[in-house]
Amino acid sequence: MDISYWGLFFSMLLLLFPLAIFHQLKLQLTRQLFTAFGRMIAQLALIGLWLQFLFQKDNAWLTLLWVLIMLSNAVITLRGRIKFQRRILAPIFFMALGVASLIVLPWLLFVVIRPRPFLAATIVIPIYGMVLGNTMNSCALAMERFEGKLSDNWKAYFTRITLGASHWEAALPAFQQAMHISLLPRLLSIASMGVVSLPGMMSGQILGGASAVVAIKYQMMIMAAIFTSVTIADYLAIRLYLKRRFDQYYLPKGEPRKKP
Amino acid sequence: MKQSEEIPEYPQRDLLRIRIKRLFYEDLELVSDIDLKVSSGEKILLTGSTGSGKSSLLNTLNLMNQNYEGEVLFQGKPVTEYIPQVLRSQIVMVMQEPWLGEGSVSEVLDEALAFCTNKKRLDQDQNQRIHQLFKAFELPADYLQKKADQLSGGEKQRVALIRAMLLQPQVLLLDEVSSALDQTTSGIISDFIFESCGSTVIAISHDPLWQSRWQRRWRIQDGKIHDNGGH
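Chains A and B, in that order, give the protein sequences.
Quick note on numbering: numbering that gives the first Met the number 0 labels position 163 of the first sequence as 162, and the sequence is numbered without any gaps.
Quick note on numbering: numbering that gives the first Met the number 0 labels position 31 of the second sequence as 30, and the sequence is numbered without any gaps.
One thing to keep in mind: the hints can contain errors.
[As the list claims (entries may be wrong)] On the chain B side, residues computed to face chain A include the following (Cβ under 8 Å):
| no. | residue |
| --- | --- |
| 1 | Asn61 |
| 2 | Met63 |
| 3 | Gln65 |
| 4 | Gln84 |
| 5 | Arg87 |
| 6 | Ser88 |
| 7 | Val91 |
| 8 | Met92 |
| 9 | Trp98 |
| 10 | Gly100 |
| 11 | Ala111 |
| 12 | Phe114 |
| 13 | Cys115 |
| 14 | Thr116 |
| 15 | Arg162 |
[Stated by the list, open to error] Computed cross-link-like contacts, BS3-like style, restricted to lysine-lysine with a CA-CA straight-line distance of at most 25 Å:
| no. | chain 1 | residue 1 | chain 2 | residue 2 |
| --- | --- | --- | --- | --- |
| 16 | A | Lys154 | B | Lys118 |
| 17 | A | Lys242 | B | Lys118 |
| 18 | A | Lys154 | B | Lys146 |
| 19 | B | Lys119 | A | Lys242 |
[Unchecked claim] Restraint ranges, calculated between C-beta atoms of paired labels, are given here:
| no. | chain 1 | residue 1 | chain 2 | residue 2 | range |
| --- | --- | --- | --- | --- | --- |
| 20 | A | Leu186 | B | Pro139 | 38 to 48 Å |
| 21 | A | Asn72 | B | Gln144 | 49 to 59 Å |
| 22 | B | Gln210 | A | Gly253 | 36 to 46 Å |
| 23 | A | Gly253 | B | Glu28 | 15 to 25 Å |
| 24 | B | Gly222 | A | Pro184 | 52 to 62 Å |
| 25 | B | Pro139 | A | Arg238 | 39 to 49 Å |
| 26 | A | Arg238 | B | Arg21 | 32 to 42 Å |
No wet-lab data here; the hints were simulated from the structure.
Glycine included, every Cβ here is placed at the ideal spot set by N, Cα and C.
My request is simple: use the sequences and hints to build the entire structure.
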């Protein structure tokens, strides 16, 4: 069922409640609220128009081009979010997100959904958006955790390499912890799905008129796709980073030297 | 540069050859004109004032520092031509404040033995050797089950040395290992090094208990290294 523009305007009136609470608590969030919602409305309106254009054209090349633009944007956003070793990160993220996408997206399109045409913009773009958005966030978290675990405990790393470990063996505990921190909350959220929370995609499809069974099937598919993409991208990003983080003698690049 | 995996058989003499024209810390030149030979089994004390370059020199031997002009040869071959983990499993370093991790002592030892290079080189069953080393370092066998982070400083240092000796290194590098230890522990470690340890030992130490026992001394002073027992 569609919402009228007046209806949409009335939905925004709900924000009077948070504004009243901000006022009473003298929270300095009013300006941020207007900025955030203003930006959201402008961005979504623009992207809505653009998507409508893409869906109407439904041209495979245009869809592919948009997929590439989405991937590039994700890489740029990721690189901006990470505050360390930024010089080497762009190609790493491009490779990690690219390979994860190349595995998951064709599988969904050619094996699972099999739309006609195969690169139907109405299928490819929303699905890729969900997969890529989740993968990007998780990749940033995993990389930050990995670098954090390494930097918090260089002594452990150095001890291991002075006992004959390779850089891979010496950094493996940090790698394992980063993957664990990135993946465990996702698994917990997957486990609680349907009982504690109704996922956004499923709710959206039901609201859009799809049957609950179709919505559930799509939801299951997208969760498997997101989890696979996230795991592959986290793994690849950290592995590639590990390779470039250390020199040929397994010493970290750009770290303060040890005492003389 | 081609790196090789095998440690070749080599005569006992010239186990290590250090020919360093200039040794740096960042851009600062610390020591120049180093030309030293080390034979198998030698016990060498390295001294010098703070910041003189002792640790930097020690770190050149196991590829932890490449900030120098010159070359370091191990068994006749430049250290830079070895695969790092192969070299470091033969030239093992123990530091002043050893890191052992949070697991049990047994897990600490197993981790080092499980590194691929060590696994390939050493026997699968190291239990007997672990018990011999525990005896030599006067630690009770039930300490294997103790959590490493609950050990005292002296016990940690002894476990770190046991871990290093389990790898049966040809060269043991000690960086101030006894500086924070009580006399008894320092004595136990020194007895092991000078009476039971077959490896070549190069140690930075200011421990008065150890001073009289070294066969050879290297002293860094005014940017030069003085060797009292060279060949």
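Status of each hint after checking the structure:
1. Asn61: holds, 6 Å
2. Met63: Given a least distance of 7 Å, the restraint on methionine 63 (chain B) holds.
3. Gln65: holds, 7 Å
4. Gln84: holds, 5 Å
5. Arg87: holds, 5 Å
6. Ser88: holds, 3 Å
7. Val91: Hint holds; valine 91 (chain B) Cβ to chain A Cβ min 6 Å, cut 8 Å.
8. Met92: holds, 4 Å
9. Trp98: holds, 4 Å
10. Gly100: holds, 7 Å
11. Ala111: holds, 5 Å
12. Phe114: It holds, given that the least Cβ distance between phenylalanine 114 (chain B) and chain A is near 4 Å, below 8 Å.
13. Cys115: holds, 7 Å
14. Thr116: holds, 5 Å
15. Arg162: holds, 7 Å
16. A:Lys154 to B:Lys118: Holds. Lysine 154 (chain A) to lysine 118 (chain B) sits at ~23 Å (cutoff 25 Å).
17. A:Lys242 to B:Lys118: Holds, because 23 Å separates the two Cα atoms, which is no more than 25 Å.
18. A:Lys154 to B:Lys146: holds, 18 Å
19. B:Lys119 to A:Lys242: holds, 23 Å
20. A:Leu186 to B:Pro139: 38 to 48 Å: Cβ of leucine 186 (chain A) to Cβ of proline 139 (chain B): about 42 Å, so the range 38 to 48 Å holds.
21. A:Asn72 to B:Gln144: 49 to 59 Å: holds, 54 Å
22. B:Gln210 to A:Gly253: 36 to 46 Å: holds, 40 Å
23. A:Gly253 to B:Glu28: 15 to 25 Å: With Cβ atoms ~22 Å apart, the hint holds.
24. B:Gly222 to A:Pro184: 52 to 62 Å: holds, 56 Å
25. B:Pro139 to A:Arg238: 39 to 49 Å: The hinted range 39 to 49 Å holds for proline 139 (chain B) and arginine 238 (chain A), with Cβ atoms some 42 Å apart.
26. A:Arg238 to B:Arg21: 32 to 42 Å: Since arginine 238 (chain A) and arginine 21 (chain B) have Cβ atoms about 37 Å apart, the given range 32 to 42 Å holds.
Hint check: no violations occur; every hint is consistent with the structure.
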